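Sequences listed follow chains A and B, in order. Residue numbering for the first sequence follows our numbering, beginning at 1 and increasing consecutively. Residue numbering for the second sequence follows our numbering, beginning at 1 and increasing consecutively.
One or more hints might be untrue.
Unchecked claim - Cross-link-like lysine to any residue pairs, in silico, SDA-like; alpha carbons within 25 Å at most:
id, chain 1, residue 1, chain 2, residue 2
1, A, 198, B, 277
2, B, 136, B, 68
3, A, 253, A, 197
4, A, 251, B, 243
Read the hints as simulated data drawn from the structure, not as lab findings. Just so you know, these numbers come straight off a predicted model, no measurement behind them.
Number of protein chains: 2
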Amino acid sequence: MTVAIVGVGLIGGSLALALKEKGLVKKIIGVDNNELHLQTALERQLIHEGLPLDAAIKASDLIILAMPVDAMETLLPLVLDSASGKVVMDVGSIKEGILSAIKEHSNRGRFVATHPMWGTEYSGPEAAVGGAFTGKAVVICDKESSDEDAVEMIENLYQQLGMQIVYMNAIVHDVHVAYVSHISHITSFALANTVLEKEKEEDAIFELASGGFESTVRLAKSNPSMWVPIFMQNRENILDVLNEHISQLRKFKASLEKENYKYLQELIENANKIKRIIK
Amino acid sequence: MTVAIVGVGLIGGSLALALKEKGLVKKIIGVDNNELHLQTALERQLIHEGLPLDAAIKASDLIILAMPVDAMETLLPLVLDSASGKVVMDVGSIKEGILSAIKEHSNRGRFVATHPMWGTEYSGPEAAVGGAFTGKAVVICDKESSDEDAVEMIENLYQQLGMQIVYMNAIVHDVHVAYVSHISHITSFALANTVLEKEKEEDAIFELASGGFESTVRLAKSNPSMWVPIFMQNRENILDVLNEHISQLRKFKASLEKENYKYLQELIENANKIKRIIK
Numbered sequence: 001m002t003v004a005i006v007g008v009g010l011i012g013g014s015l016a017l018a019l020k021e022k023g024l025v026k027k028i029i030g031v032d033n034n035e036l037h038l039q040t041a042l043e044r045q046l047i048h049e050g051l052p053l054d055a056a057i058k059a060s061d062l063i064i065l066a067m068p069v070d071a072m073e074t075l076l077p078l079v080l081d082s083a084s085g086k087v088v089m090d091v092g093s094i095k096e097g098i099l100s101a102i103k104e105h106s107n108r109g110r111f112v113a114t115h116p117m118w119g120t121e122y123s124g125p126e127a128a129v130g131g132a133f134t135g136k137a138v139v140i141c142d143k144e145s146s147d148e149d150a151v152e153m154i155e156n157l158y159q160q161l162g163m164q165i166v167y168m169n170a171i172v173h174d175v176h177v178a179y180v181s182h183i184s185h186i187t188s189f190a191l192a193n194t195v196l197e198k199e200k201e202e203d204a205i206f207e208l209a210s211g212g213f214e215s216t217v218r219l220a221k222s223n224p225s226m227w228v229p230i231f232m233q234n235r236e237n238i239l240d241v242l243n244e245h246i247s248q249l250r251k252f253k254a255s256l257e258k259e260n261y262k263y264l265q266e267l268i269e270n271a272n273k274i275k276r277i278i279k
Numbered sequence: 001m002t003v004a005i006v007g008v009g010l011i012g013g014s015l016a017l018a019l020k021e022k023g024l025v026k027k028i029i030g031v032d033n034n035e036l037h038l039q040t041a042l043e044r045q046l047i048h049e050g051l052p053l054d055a056a057i058k059a060s061d062l063i064i065l066a067m068p069v070d071a072m073e074t075l076l077p078l079v080l081d082s083a084s085g086k087v088v089m090d091v092g093s094i095k096e097g098i099l100s101a102i103k104e105h106s107n108r109g110r111f112v113a114t115h116p117m118w119g120t121e122y123s124g125p126e127a128a129v130g131g132a133f134t135g136k137a138v139v140i141c142d143k144e145s146s147d148e149d150a151v152e153m154i155e156n157l158y159q160q161l162g163m164q165i166v167y168m169n170a171i172v173h174d175v176h177v178a179y180v181s182h183i184s185h186i187t188s189f190a191l192a193n194t195v196l197e198k199e200k201e202e203d204a205i206f207e208l209a210s211g212g213f214e215s216t217v218r219l220a221k222s223n224p225s226m227w228v229p230i231f232m233q234n235r236e237n238i239l240d241v242l243n244e245h246i247s248q249l250r251k252f253k254a255s256l257e258k259e260n261y262k263y264l265q266e267l268i269e270n271a272n273k274i275k276r277i278i279k
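Kindly generate the complete structure, drawing on both the sequences and the hints.
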């Protein structure tokens, strides 16, 4: 099968590599409005050729949308206009908005909404890596709104990549990712800003930074052109989590202010329950 | 030389392994009020024998204090009482309090205050690992209050372990670690509590957790008996950083509430400057 990947960045590029590794495709066509990205993707042999969107859609059986989610809102209805007899899927981090926008589209059934739970803090085709998705989870949202044959093709594809498929309603998905992905990015960005602020008066503040700091702050390197649109589209859920997170931080603050170390101990013991989840 | 390590946990045990790997010691004596820890340390061959504190001090040239910082406050003056002709060093995360407490001690000069910048979220002798310290930074605090020969011995020891020595005033050290270590632990604990709170109404909230979440939350597994005393002793510095961090989070909150995405973009672009520090 011929696959068009629209947006040959970190996710699109890594997906291209995975599809090639597993021998699932005959040809991969890259589409990107950034000429440099397209060139890098060709040089790194992520794609076989670069084409404009229209030509790529015409030549492909499967169109994978892997651009930032703001571009998705505009592009998805246009792509669906030409999607009869083809399958379109996305890999975006946020679902409700785009699914509402195409609810009444005559080709809605050709679209399968997916979210592979993998990423790094880097971006662009130079950040694409092989073997990225194996063993990870992938969400398929609102499966019942997609045609059966389209869902089957995508399920088969992700299974062959060694991913574990989770089915979820788009609204529930968006709440979940606010908790287990989006808030992690916000805490990391805010932590970076906290220490960078101190650096203005204290030159060598990073001299002692070690593994623990690096681990909590590494997501702060993530690209704003990817994350601002995600935060915009998941604004309400993220505000809920952010309020909860600030109130959890205030408990630590209160325990220190009041020198209530029994309470501080309890807060930490509760946090330790995360061992159940993160081995 | 014979070395006594008081507290054969993660740090003490890993230091024992490093000293043996580099052939820097003839004998390592372990001291621990937890019999099980002592047994594990013997079984894992971290130490050559276990002894009570008094006997261990008598038999050793160098005494390394590697217990939680609350026990340090009590023990350090007692150890110094018997430290004539020997060298004592600690590896604790916080310095000003303990250094004030021994300021007038007749054996103050025999003590070298150090903080190797390495650790993990695990604890106990079973968590000790080889090769832990190589290439990392180690702080020596208030060097001028220690005897020259004592400082020389410790500098030599850390150099042989392949560590990069940084000299720092204790007060400055405590501010620095609040920014690049202690706050990371608090954000991680609070993030774990945020998501665990949500789990009470949403069973499968962790189903989609991937690498990014794991990275920001892994420190939340850290041991309260180590961290409560650190937070107690560095209370004021941590409250300063925590207030700054909450105010940084509030900026993200404000940008979302007011749908001011230009501001959100700026906040993230500023956080991206951390790339300079964390490669």
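Evaluation of the provided hints:
1. Using a Cα cut-off of 25 Å, the hinted pair residue 198 (chain A) and residue 277 (chain B) holds, with the two alpha carbons roughly 14 Å apart.
2. A distance of roughly 21 Å separates the Cα atoms of residue 136 (chain B) and residue 68 (chain B); the hinted pair therefore holds under the 25 Å criterion.
3. As the CA atoms of residue 253 (chain A) and residue 197 (chain A) are separated by approximately 20 Å, the hinted pair is consistent with the 25 Å bound.
4. Taking the CA atoms of residue 251 (chain A) and residue 243 (chain B), the gap is near 12 Å; set against the 25 Å cutoff, the hint holds.
Hint violations for this structure: none, all hints satisfied.
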